[in-house]
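Q: In case you want the letters, here they are:
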Amino acid sequence: MTAIVAAVRAPIVANRRLIAAVTFVAFGLIDILIFGLFSHKGDATFAFSLFGAKVTVPSLHVPARPVTYALGIASVLIGVARATVTESKLLKRLSIAAVLLFFVLAMLLWSDTGSWADGIPINVITLMQGTLAASIPLILGALAGCMGERSGVINIAIEGQLLLGAFTAAVVASAVGVLWLGLLSGSLAGGLIGAMLALFAIRFLVDQIILGVVINLLISGLTGYLYDRLLVPDANTYNNASTFSTVKIPVLGDIPVIGPIFFDSTIFLYITYAAIILVQVGLFSTRWGLRVRAVGEHPSAADTVGINVLGIRYRNLILGGMLAGIGGAYLTIGSVGTFSKDMSSGLGYIALAAMIFGRWTPLGATLAALLFGFTTALGSFLGSITVPISPFILGMAPYVATIIAVAGLVGRVRAPAADGKPYLRE
Amino acid sequence: MRKVITIVAASSALLLLAACGSSSPSSSPSTSKSPSTAGKFLGCMVTDTGGIDDRSFNASSWEGMQEAQAADPSKITVKYLQSSSSADYAPNITAFLGEKCGIIVTVGYLMASATGTAATANPNSKFAIVDCSIGSASCPISASGKPSTPPKNVDSLVFDTVQDGFLGGYLAAGMTKTGKVATFGGEKIPTVTIYMDGFWDGVQYYNSQHHTHVDVLGWSEKTQSGEFTNSFTNLTMGQTITQQFISEGADIIFPVAGGVGLGAAKAVEDADNAAGSQKVNMMWVDTDGCISAPQYCKYFITSVEKGIQAAVKHAVLTAENHTFTGGTYIGTLANGGVTLAPFHDFASKVPASLQAELNTLKQEIISGKIKPATKSPV
Numbered sequence: 146m147t148a149i150v151a152a153v154r155a156p157i158v159a160n161r162r163l164i165a166a167v168t169f170v171a172f173g174l175i176d177i178l179i180f181g182l183f184s185h186k187g188d189a190t191f192a193f194s195l196f197g198a199k200v201t202v203p204s205l206h207v208p209a210r211p212v213t214y215a216l217g218i219a220s221v222l223i224g225v226a227r228a229t230v231t232e233s234k235l236l237k238r239l240s241i242a243a244v245l246l247f248f249v250l251a252m253l254l255w256s257d258t259g260s261w262a263d264g265i266p267i268n269v270i271t272l273m274q275g276t277l278a279a280s281i282p283l284i285l286g287a288l289a290g291c292m293g294e295r296s297g298v299i300n301i302a303i304e305g306q307l308l309l310g311a312f313t314a315a316v317v318a319s320a321v322g323v324l325w326l327g328l329l330s331g332s333l334a335g336g337l338i339g340a341m342l343a344l345f346a347i348r349f350l351v352d353q354i355i356l357g358v359v360i361n362l363l364i365s366g367l368t369g370y371l372y373d374r375l376l377v378p379d380a381n382t383y384n385n386a387s388t389f390s391t392v393k394i395p396v397l398g399d400i401p402v403i404g405p406i407f408f409d410s411t412i413f414l415y416i417t418y419a420a421i422i423l424v425q426v427g428l429f430s431t432r433w434g435l436r437v438r439a440v441g442e443h444p445s446a447a448d449t450v451g452i453n454v455l456g457i458r459y460r461n462l463i464l465g466g467m468l469a470g471i472g473g474a475y476l477t478i479g480s481v482g483t484f485s486k487d488m489s490s491g492l493g494y495i496a497l498a499a500m501i502f503g504r505w506t507p508l509g510a511t512l513a514a515l516l517f518g519f520t521t522a523l524g525s526f527l528g529s530i531t532v533p534i535s536p537f538i539l540g541m542a543p544y545v546a547t548i549i550a551v552a553g554l555v556g557r558v559r560a561p562a563a564d565g566k567p568y569l570r571e
Numbered sequence: 004m005r006k007v008i009t010i011v012a013a014s015s016a017l018l019l020l021a022a023c024g025s026s027s028p029s030s031s032p033s034t035s036k037s038p039s040t041a042g043k044f045l046g047c048m049v050t051d052t053g054g055i056d057d058r059s060f061n062a063s064s065w066e067g068m069q070e071a072q073a074a075d076p077s078k079i080t081v082k083y084l085q086s087s088s089s090a091d092y093a094p095n096i097t098a099f100l101g102e103k104c105g106i107i108v109t110v111g112y113l114m115a116s117a118t119g120t121a122a123t124a125n126p127n128s129k130f131a132i133v134d135c136s137i138g139s140a141s142c143p144i145s146a147s148g149k150p151s152t153p154p155k156n157v158d159s160l161v162f163d164t165v166q167d168g169f170l171g172g173y174l175a176a177g178m179t180k181t182g183k184v185a186t187f188g189g190e191k192i193p194t195v196t197i198y199m200d201g202f203w204d205g206v207q208y209y210n211s212q213h214h215t216h217v218d219v220l221g222w223s224e225k226t227q228s229g230e231f232t233n234s235f236t237n238l239t240m241g242q243t244i245t246q247q248f249i250s251e252g253a254d255i256i257f258p259v260a261g262g263v264g265l266g267a268a269k270a271v272e273d274a275d276n277a278a279g280s281q282k283v284n285m286m287w288v289d290t291d292g293c294i295s296a297p298q299y300c301k302y303f304i305t306s307v308e309k310g311i312q313a314a315v316k317h318a319v320l321t322a323e324n325h326t327f328t329g330g331t332y333i334g335t336l337a338n339g340g341v342t343l344a345p346f347h348d349f350a351s352k353v354p355a356s357l358q359a360e361l362n363t364l365k366q367e368i369i370s371g372k373i374k375p376a377t378k379s380p381v
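If you're matching them up, the sequences are chains R and L in order. If you use my numbering, the first sequence closes out at 571, no skipped numbers anywhere. If you use my numbering, the second sequence closes out at 381, no skipped numbers anywhere.
Just so you know, these hints were derived from the structure itself, not from any lab. Please read all numbers here as calculations on a predicted model, not as lab measurements. Backbone N, C-alpha and C fix where the C-beta goes; we use that ideal spot for every residue, glycine too. Every clue listed holds true.
Not close to chain L: a few residues of chain R, all C-beta gaps over 12 Å, as computed:
1) T168
2) V212
3) A228
4) L329
5) V396
6) L397
7) I548
8) V555
Here are the computed distance ranges between Cβ atoms for each label pair:
9) P380(L) x M541(R): 21 to 29 Å
10) R161(R) x S147(L): 38 to 46 Å
11) G322(R) x Q281(L): 21 to 29 Å
12) G182(L) x L344(R): 58 to 66 Å
13) P354(L) x D399(R): 38 to 46 Å
14) T97(L) x I548(R): 36 to 44 Å
I would like the entire structure built from these sequences, with the hints used as guidance.
A: Spelled out as structure tokens, the structure:
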């Protein structure tokens, strides 16, 4: 039996090694042949200070062509090493990350030296701030997904939770005039959908996928209707919220480069940090987490030892919904202040994907969401300097990058065993 | 058994609720207040999925309908049906055909196929379609995308927004202090990029006239590449992109993305609040921003408008008084179909010399002396 498995596995391993090596070399060749050969003379500039900042960090000037060639050659060498040497798992992952990083750098060097760029520097701080701004709702949504699925209930309704959170936060903050109440009610709105999801999935055993989709449609219709009937006619009262201002963390916020990116933001970023840590530590290092995972993997065994299976599922879906509701509130009172129809724009589905790509772990989901956010911010930088790449390609880049990175870095993923299966006592 | 019934009841209640929420406007078409519509001319409109309150072209079209009714309330009455998805286009048109509408106005080039098919099948009914030159390569009736002869009973209402986009670009180039202006689009579709082309052309023209070097971030008419949110709903994306532009030194932003422009306006407001003075400003698109987004009026130098309202009103009135001819109406600077909105708060800030130049420029575009280039012609 083992012999058969080994015999079948051997060519697969060899194939995988070859595919990886060829891909690396291909990336290296693109670096050299496209970004290197077509790069223009001169230096690309990386700026590390915001426009008009008081304390400035000197910009970095990088000679585009030689560095691009070096990056390409390095990628090719990594590919050759992958094909010839047996590498440890860590080394394999590092090499994928390095090849992707080199590719992004080569692309940036090429794009910033083009005639279209007009000497606009690559502002690292803006790029990273854009990454985080795009990632916050994805991370919070993905955490909501983790909470639900780790306990065995699939949550497709993240999209609806974001949307209702955004709507409620905007309306309450606008009508009452207290931002914190907006945040709280947005969070509660997300929790309410979580409770609804739990009720129908657990009590009435409705198919969880269909249920989630129906809830999303329901929320889209409901908020759209209320938007037309309430928010548009009386925009000043109901759809004119202020937004949270940025809070600079003392000391940490003054660190050059790092400070403005990570420690000079709205409360939402700090909530996101806390949520990631809480859910990660909670799920994997506490008794509560152990119970949740037991319920998600083998509910009848958990039940036998006296764990309240349904109670845990209810609680997790509601708590998760509250996190997603905060993510939704970010879309209005954390950024633009006004609600508009369907403004969650499919972010909830991307959050769901980030959770799966992150192997149902909070940290993994966060990394996947950050990768997505980074590619979005990168596309936005490249678009702003009118790089001659089709806007359609730039638009799909976040999805492609996520797929490649996940296929390379994550590999096979396994959902919690009881995910999506309602629990009925025998 | 009881359980099954509960489940069915609960799920159908949920579905019912969902259905109510999304489609209740479409199931209750709004009619005029007059109780009797018999014998009156009936003007009918099918909205796009954006709905009647989209602050953009559906809203403008409906205002045009209402203006037509207001022009002669004793003879004309108007109503609309809302489309919840593209699958509603054809059924909504069919419903109106059954009601003997004097004219059916469809909104948006996505409805080209449904409108073209209905018009060919019902040659005695009159139609008008907004933002689409029906049967042309940019707005084909057939799924294959091939141009065809437009049906004679359709009035195509299109707008040469490259002309007022050009004026907007020229104005922006004249107003920038940093030498950088920026634009971005919602999606890369012709009705969006034609504005961006005009804006880009206008800046280049200013540079050639004044020997300046004002950069346009976010779009190039030559390469047709640039910045898009790839969504007309993601306001946060519009905000992030605008922050990107501001960090690169742009001080005038021109979003061509409908409501997503509100995200841009928020970013402009934040940047100005942080700077302590009004350093960054913007332009609105399609409608007069000081009317559709008054809270941000003080940041709007002007708006690059598209006169959908007037065109729709005209189409309805001609159908009513039997002067309807079909064919294509092109909104231009000459006929007032496209225009720059009033400067509002900027009336005193735009130098008189620049205002005079804009007037001259407008005349030169009308006379054909200047032809703004675009790769998305109407």
